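Join these two chains into a complex; the hints should help.
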Amino acid sequence: MAESPPLDATSREALAELLLSVADDEFVIGFWDSEWTGIAPMLEEDVATSSIAQDEIGHAKVLYELLAELTDDDADRIAFGRASDAFRHASLMNHARGDWAFSVARRYLYETADQVRLAALAGSTYEPLALLAGKMRREETYHLMHADTWLRRLADGGSVGRGRLSSSLECLWADAQEIFAPLIGEETLVHEGILPEPMRAMSMTWQARVRPTLEPICGALPAATPSLDGRTRRTSDFAWLHGEFTSVARSEEAATW
Amino acid sequence: MVTRAAIGSDEERVWAELSRIPDPEIPAINVVDLGVIGSVNVSDERVSVELLPTFVGCPAIGVMQEQITARLRALNVADDVEVKVSFNPPWTSDRISVAGRERLRLAGFAPPQAAETPGLIGLEELAVMPIAECPFCGSRDTTLENPFGPTLCRAIYHCSACRQPFEQFKQV
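Chains A and B, in that order, are what the protein sequence lines are. Going by our numbering, the first residue of the first sequence is number 1, and it counts up by one from there. Going by our numbering, the first residue of the second sequence is number 1, and it counts up by one from there.
Chain B extracted, bound-state conformation (with noise of 0.2 Å):
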């Protein structure tokens, strides 16, 4: 009989792990301040994590699911891992955490914009071209060239005032 302070202390481990896990596309931000983590259960035969994708068709998925199983195996806190696909609830981008946007921004990405309310951003606000703060010189008059970036969960921006092209996380 495990004791419920110890299955805590488990859970924590987990977390603790996950976060230091990155992002395989873009590496300075974690799986957990990404907010692609919907939950972790941990019981005496089992992990379980479920996956939140970004997008549908994100091709980093089956490198995710392998990357994290491997590295809760590692951990021992139970003998099983699994790490399953989940879209409950729909992953979106105000699911970044703070220090997720300054690292992102660090990183020389604009992060999402946050929602005006919290919680998740309508379809017609959706609709609205979003405005993106350069990453570089904080300036908002910036122009989006392409909501369409080198990655799915990407698009392209141009700031006005440094002149510098810059990619943006976003806003789903």
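Here chain A stands alone, though its shape is the one from the complex (with noise of 0.2 Å):
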């Protein structure tokens, strides 16, 4: 394999922040998943929201290694050994699991704005993000058909289904354009063809994507935009999952694993 020409410390910086906002993304989505493991509303939904947490456990892996290798760092350390407010997930992350249609509402918003999201970044000139993000995209397929079904299935299903549903989607909406939060150095990432596109012009996509699916289940959502501090807001529920998956790590903190 082709090694990627040397990075300057701007691009590598900017480049760190990026990888850093996805893997955090998936690490905190995959976490917020798997309190479902043992308590889902059936066997199948036990055994498929386990295995979607764990495929986002495993991108965010990945890219804690690529983010480690670039920065001389560590991926555990990365993962288990940073306080809760230097985590760069979205707010829609911040968010405790709820009730099933809370986490199905998440799942949707999250899984179509991944989406774009990969698509973009299986382009990037920064070739191992680029593979990595085109194998994610075949597994993802999987996810986004799983939270399609069942935003349908709550939608059609009932008025006491398809009011929780449309009333997450409206608490979600503002944190979920926080995805697309602008990037410190994203200028240069794009310049560079590291981020192939924009945050915002992605932001746009993905909206004039949802919109048409979502309106119909919650009515008009209001304009959004995401802000700069989208991926630095942090909550009382985060905090509390910050300490349940640190808590081996920090129970040994000399071990090797």
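I should point out that these hints are in silico values taken from the structure, not numbers from a laboratory. Just so you know, these numbers come straight off a predicted model, no measurement behind them. No false leads were mixed into what you were given.
Distance condition first, Cα-Cα at most 20 Å in a straight line; then the derived EDC-like pairs of lysine to aspartate or glutamate:
| no. | chain 1 | residue 1 | chain 2 | residue 2 |
| --- | --- | --- | --- | --- |
| 1 | B | Lys84 | A | Asp74 |
| 2 | A | Lys61 | B | Glu66 |
| 3 | B | Lys84 | A | Glu69 |
If you want it as structure tokens, here you go:
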């Protein structure tokens, strides 16, 4: 495999931000969804949700490894050794899993946005990321199918499910925008083709794609744009999850895994 | 100076040994027939193998790397053995060999659907619910019960003809 051309310090820093943001999204949504393991509404869903969560955490692992190589760090330290305010996931992932409809709503918003993002990243000039994104896209196709099936099932299934889905979508809509929050150094990334499309453009593609599906369910969704602090706001829900997923690593800090 | 013929034979020994290493999650199939060996390079100093994971988050990757390293080290072809994970090309279900598909079927797993045209299955084609042939009775009157199974790479079906649930090696 051909080595990617060396990056200057500015590009490397910006690329690190990009890798961290995607990795943290996958990592945190993976952990939230793994909270359903053992208690999903039915056995089939228990298996499916756990499997999807495992995929997401697996994607995060490889992204953290790319980042560790780039910044001469350690993937386990990045994943389990950071303080909660050092995480860079979009604020969509700040919420606890909520009820089933809430998790379905979040997963649908996330998967559709992730699909737009991965399609762009598969064309990145940073080859290790392009190859990984190409592989992830194929797996994420199944996640999207799953989220789409559940969205329709709840929307068409009766007033209780539809009502819960609708209020969850309304509640999460603004925070879902933050998947496309501007990154530090984004201009450099776009200029070098590491990020083939600006976040703002991806955000518009995504909105145009999901509004026709979501608005018949929950009514007109407000105009919304990503915000500058979309990946730095943290909540007490996330502080709790962070305590959970770092608990094993903290219990024996000198251990090797 | 090693001659070309000698290098060729070392490479053949490596491939032969790899074809005797079972997949840790589905031992009925070996890693070569599964298509997870991307490339093999042999020099005096080193045997380099590229491993293409079926799924990015497959928890068996580490075990496979260890097993392959140990088995190739025992071959004594070179001083060093290196097994690197690669996504170039991405592993896709069409990499499973004809022999591998048959071994999967005999072990009670439906092989993934073969691509309409050789090569990479398009993303759009993937999104269509695939058909699986029952590995027990051969019927195609089957229903996808869950695209997610006991491991990341397996889906669960039900056969309406012989009324058996079965697993399919997922098309990806």
